[in-house]
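Visitor: Here is what each chain is made of, one letter per residue.
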Amino acid sequence: MIKLRADTVTRWVVGGPPFLFLVLFFLAPALIMVAASFRYPGEFGGLAPLFGGAPGGESGLTLENYRVFFGDRIYFDIFLKSFGVAAVTTLVCLAMAYPLAVLIARSPKHRRDFMVLLCVLPFASNFLVRVYAWMIMLGPFELLFTKFAVLAAMVYVHLPFMILPLYTNLEKHDPTLLDAAQDLGANAWHRFWRVTFPLSLPGVFAGSALVFIPVLGMFAIPEILGGISDWLVGNMIKESFLGVRDWPFGSMLSLMLTLCVLAIAGAAAWVARRGVARA
Amino acid sequence: MALLEIRNVTRRFGPLVAVDNVSIAIEAGEFFTLLGPSGCGKTTLLRMIAGFDLPDEGAIFLDGRDMADTPPEKRPIHTVFQSYALFPHMTVSQNIAFPLKMAGKSADEIASRVKAALEQVHLEEKGTQYPHELSGGQKQRVALARGLVNQPRVLLLDEPLGALDAKLREEMQIELIQLQRDIGVTFVFVTHAQPEALALSHRIAVMRAGRVEQLDEPSKIYGFPANRFVADFIGTCNMLESEVLEASHASLRLKVQGLGEVVAPPREGTRAGDRGVLALRPEQVRIVAPDSPHELKNHFTGRVHDLLYVGGVTTYIVELPNGTRLQALLPNSAPGRATFFEVGDAVRVAWRHDAGHFLRD
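Residue numbers (numbering that gives the first Met the number 0), protein chains in the order written: chain E, 0 to 278; chain Y, 0 to 360.
It cannot be assumed that every hint is accurate.
[What the hints assert, rightly or not] Keeping only pairs whose Cα atoms sit at most 20 Å apart, straight-line, the calculated EDC-like set for lysine to aspartate or glutamate is:
1. Y:K100 to E:D178
2. Y:K73 to Y:E4
3. Y:K73 to E:D178
4. Y:K125 to Y:E174
[To be verified] Pair by pair, the computed Cβ-Cβ distance ranges are:
5. E:A94 to Y:L53: 30 to 40 Å
6. Y:Q177 to E:A266: 43 to 53 Å
7. E:M114 to Y:P14: 28 to 38 Å
8. E:L200 to Y:P14: 41 to 51 Å
9. Y:A208 to E:S106: 25 to 35 Å
10. E:R110 to Y:H131: 23 to 33 Å
11. Y:Q177 to E:L261: 48 to 58 Å
Worth flagging that the hints you see were computed from the coordinates, not collected in a lab. Keep in mind it's a predicted model, so treat the numbers as computed, not measured. Heads up, the beta-carbon is just placed ideally off N, CA and C, and yes, glycines get one too.
Full structure from sequences and hints, please.
Guide: In C-alpha cells, the structure reads:
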C-alpha cells in the first residue's frame, strides 16, 4: 500500500483543479492548434479529414502553410509591424504609467486605494463600447482610421495593465532607502536612477509583458479604428479563421506568434538575469 | 568653536512640541549620545542634523556655518539608519562605493577606499555578496562602512544596535568604540538604551519631552543625576519621598515619609521645607544581618521581600516597615556562594551619610 504524506495530499487537493483546468483548456487546445497547422482546411471551414477525404479533396499532413508563410515577405512585414506597434504601445504605456505609479505609491495610504480604483474604473464598462467611444471622439478631428487612432486606443486600453504591476512594486519600496541615498549624497536624479528604477525592474518587466503580449494579438482596435494598412497579426489570424475559413493557416499564424512571444520573453529573461548579475 | 552646534532649536508638529528650545554644542572627535525614551524628540533632532527636517526656530551650525539651506545630500554628515537601509540590489562593495560614486571620485580611488573600508569592518570576504546574504551584525558593519567611507564630518547613528541580540550588541559596542577612536570622526548616537549610552559615550544629553534634562559625562549622569527623571531613567534607583528638615553646607537632614530621619550630602539651593526624593543607587545600599555591628549613620531594619541572582551580583529587595521597598546589591565575590539571605529574613539596610542625592520636585 502506498502511504501518502499529508503535504502531498494537500498539494494535489489545492493544485489539482487548476492543473486539470489548464491541461484541459490550455494545453490541449494548444496542442490541437499545433497539429491543425500541419493539416488542410476543410471545404466549409474546420479541417480536412486526416485519412481518405472526399475524392479530389486534400487530406493528410502538409507543410503547405509554412511554405506560404516563409515564401512571402508580406507575413514577415506584418509580424514586424505588429511587434513595432506592440513595442511603441509598451514604451508609451511605461512612460505614462511610471510617474503615475510613483505618485500613487507615495500618496498617503488612505488615498492610494481610491487612486487605484480610479485606474481600474474603465474596466467597469465594456471594452468594445470604449473603443467605439474613441470613434466618436476622433471622428471630428479626422483622425479616425489612422495609425494614431490605433496607437492611442492601444495605449488607453492597456495602460491599467502597466500601472498596476508598477504600483504594486513601487509601493513595497522601503522609503528609508531613498533617505539613505540622499544622505549619502545622491540628488533626485541619482535617487531615481540608482535606487528606485533598478528596484522597480520586476514591475517594469511584468507590466511590459502584460501590455506587449495582448497588443500583439489585438484585432478589434485595428479593425474598428484603423485603416486596412493598420492591420496586425491578430487581424490576419482572425480573418483566417472567420473570414476565409482557413483554420490550418490561422493555426500556423497563431503558433508562429506564440513562438515569437516565447522567444522574446526568453531573451528578456536572459537580459534581466545578466543585468542583475552585473548590477 | 564646536564642530556641530545646535542653537535654540525648536520643532513643532501641530500642537506637539517635538524639540523644545534645545542647545547642544558637540566637539570634533566626540562620541555624543542623545538618550531618552521614545517620543522624547531625539530622532527628530537627528533628522534635523541630517537635513531631512528643518527647525521651526533656532539653527544648526556645522563648522560655524548655518546648515538651513543645505539639503541632506550636500551635508558632510552621514547616517547609519536603524534598519541599516542597505541597497538590496547592490553588493556589499557597491553599497560602500555609493557615497564615493555620488561624490564623483575616480574608479581607482573608489576601488582602493572600498577595499580599505571592508578591511576596517572585517568584511574583506563579503564584498561580492548581497545584503540579504549577510547576518544582522554584518549588515550593521556594512552600514557603518558605507557611512564612514567618504569621511563625513559627523556620523549620525540612529539606534543602530537595536535590532541585534544582546551578545552581538555588546560585541558591536566594543567595535564601535574602537572604530570611533581609530578614525576620530564625530559620532552622534541616538538610543533609548541607557547602558549602551553609558558604555559608549564621551558625553550624553538625556532628553525628555523635547527638552534636554541633563548634559554631561556618563559618570556624572549616573553619579550626579540632575533631577528625578534622570535618576530614574538612568540605571536603577531607589526613590525615597522626603522633606528637608535642615540644610547646611555639610549635610542635609531629611525626613523620609514613614521611616524617620536620614542624613544626605548637601546640595546647592536646597532649603529646609523643600520636598523631593532621596535617590539612592542599589550599590550604595549596604545589607547586613540585623545584629551585626556597623558604623553607618543611616540604617533601618527590614525584611527580604525578594532576591534576584544574576551571577555577578544578587539584587535584594528589602521591605521596610513603612512599606517602602529598597533595592540593594551584594556582589557574589565569594565563590560558590550565591545567597547570604533568604526571602523573609530580617536584615538591616544602611548607607553612608554622603551617599545618594536629594532631588527637589
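Visitor: Hint by hint, note whether the structure agrees.
Guide: Structure-based check of all given hints:
| no. | hint | in the structure |
| --- | --- | --- |
| 1 | Y:K100 to E:D178 | 17 Å, holds |
| 2 | Y:K73 to Y:E4 | 18 Å, holds |
| 3 | Y:K73 to E:D178 | 13 Å, holds |
| 4 | Y:K125 to Y:E174 | 18 Å, holds |
| 5 | E:A94 to Y:L53: 30 to 40 Å | 34 Å, holds |
| 6 | Y:Q177 to E:A266: 43 to 53 Å | 51 Å, holds |
| 7 | E:M114 to Y:P14: 28 to 38 Å | 30 Å, holds |
| 8 | E:L200 to Y:P14: 41 to 51 Å | 44 Å, holds |
| 9 | Y:A208 to E:S106: 25 to 35 Å | 32 Å, holds |
| 10 | E:R110 to Y:H131: 23 to 33 Å | 31 Å, holds |
| 11 | Y:Q177 to E:L261: 48 to 58 Å | 57 Å, holds |
Violation of the numbered hints given earlier is absent; every hint is satisfied by the structure.
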